[in-house]
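> The lines below spell out each chain.
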Amino acid sequence: GIQVEQSPPDLILQEGANSTLRCNFSDSVNNLQWFHQNPWGQLINLFYIPSGTKQNGRLSATTVATERYSLLYISSSQTTDSGVYFCAVVSNDMRFGAGTRLTVKP
Amino acid sequence: DAMVIQNPRYQVTQFGKPVTLSCSQTLNHNVMYWYQQKSSQAPKLLFHYYDKDFNNEADTPDNFQSRRPNTSFCFLDIRSPGLGDAAMYLCATSRGPTQTQYFGPGTRLLVL
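Chains as they are written, first to last, in the working numbering: chain A, 520 to 625; chain B, 24 to 135.
I should point out that these hints are in silico values taken from the structure, not numbers from a laboratory. Heads up, some of the hints might be wrong.
Stated by the list, open to error - Now the stretches of chain A that chain B is said to cover, found in silico as 3 or more residues with beta-carbon under 8 Å:
#, region
1, 545-552
2, 615-624
Stated by the list, open to error - Simulated restraints, written as ranges between beta carbons of each label pair:
#, chain 1, residue 1, chain 2, residue 2, range
3, A, 599, B, 50, 20 to 28 Å
4, A, 534, B, 90, 41 to 49 Å
5, B, 105, A, 561, 21 to 29 Å
6, A, 612, B, 51, 16 to 24 Å
7, B, 40, A, 585, 49 to 57 Å
8, B, 43, A, 534, 37 to 45 Å
9, B, 75, A, 576, 35 to 43 Å
10, A, 612, B, 45, 18 to 26 Å
11, B, 63, A, 569, 26 to 34 Å
12, B, 106, A, 534, 38 to 46 Å
13, B, 41, A, 531, 37 to 45 Å
Heads up, the beta-carbon is just placed ideally off N, CA and C, and yes, glycines get one too.
All chains, please: the whole structure from these sequences, using the hints.
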């Protein structure tokens, strides 16, 4: 099946810093989503982005489908950005990467 | 607001005692999914319904069953829970199988 790799596995930032999270996938996909899982376990949709670039406030994402990767950018990070960020792709079924655990310190 | 609802949020059951988790949606989506997420791991798809068609993942244990009596509701039945089944169970919906998935808040299952 399709492989999804996320990097880095852990990231610690000072409040106000910028960061880039990466998602590599091993085959062509029909869909790619970025999620933020909050401390209570809720998975929150950030982006549906099988290709191209999207922005939503301090967050933006770019997927280069031909090169099989996606990037999530977080600018001016806040403590509320802490949590686990998952990339998930759909070829036949949805497969999640292992996630990036982000900690933003005040 | 249209949403995905899971009840209960926390469920405690005994080893071997059948348990049912429920999911409902007001989005009128065609596809409903059940995922299992263990501590510090990524969600893992158990099965999904596309309308009334049931699709089981190959490695989902027989101990896990699902029912979808209508468009709005989907149930996860664990026939004989073991200690290893303690996890967060997440329900999701999408309009179509490759479209955006929307997740409920999850049910955290504890097996004693």
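> Does each hint fit the structure? Answer for all of them.
Okay, the hints, checked on the actual structure:
no.: 1; hint: 545-552; result: holds (count 3)
no.: 2; hint: 615-624; result: holds (count 4)
no.: 3; hint: A:599 - B:50: 20 to 28 Å; result: holds, 26 Å
no.: 4; hint: A:534 - B:90: 41 to 49 Å; result: holds, 46 Å
no.: 5; hint: B:105 - A:561: 21 to 29 Å; result: holds, 26 Å
no.: 6; hint: A:612 - B:51: 16 to 24 Å; result: holds, 22 Å
no.: 7; hint: B:40 - A:585: 49 to 57 Å; result: holds, 51 Å
no.: 8; hint: B:43 - A:534: 37 to 45 Å; result: holds, 43 Å
no.: 9; hint: B:75 - A:576: 35 to 43 Å; result: holds, 39 Å
no.: 10; hint: A:612 - B:45: 18 to 26 Å; result: holds, 22 Å
no.: 11; hint: B:63 - A:569: 26 to 34 Å; result: holds, 28 Å
no.: 12; hint: B:106 - A:534: 38 to 46 Å; result: holds, 40 Å
no.: 13; hint: B:41 - A:531: 37 to 45 Å; result: holds, 43 Å
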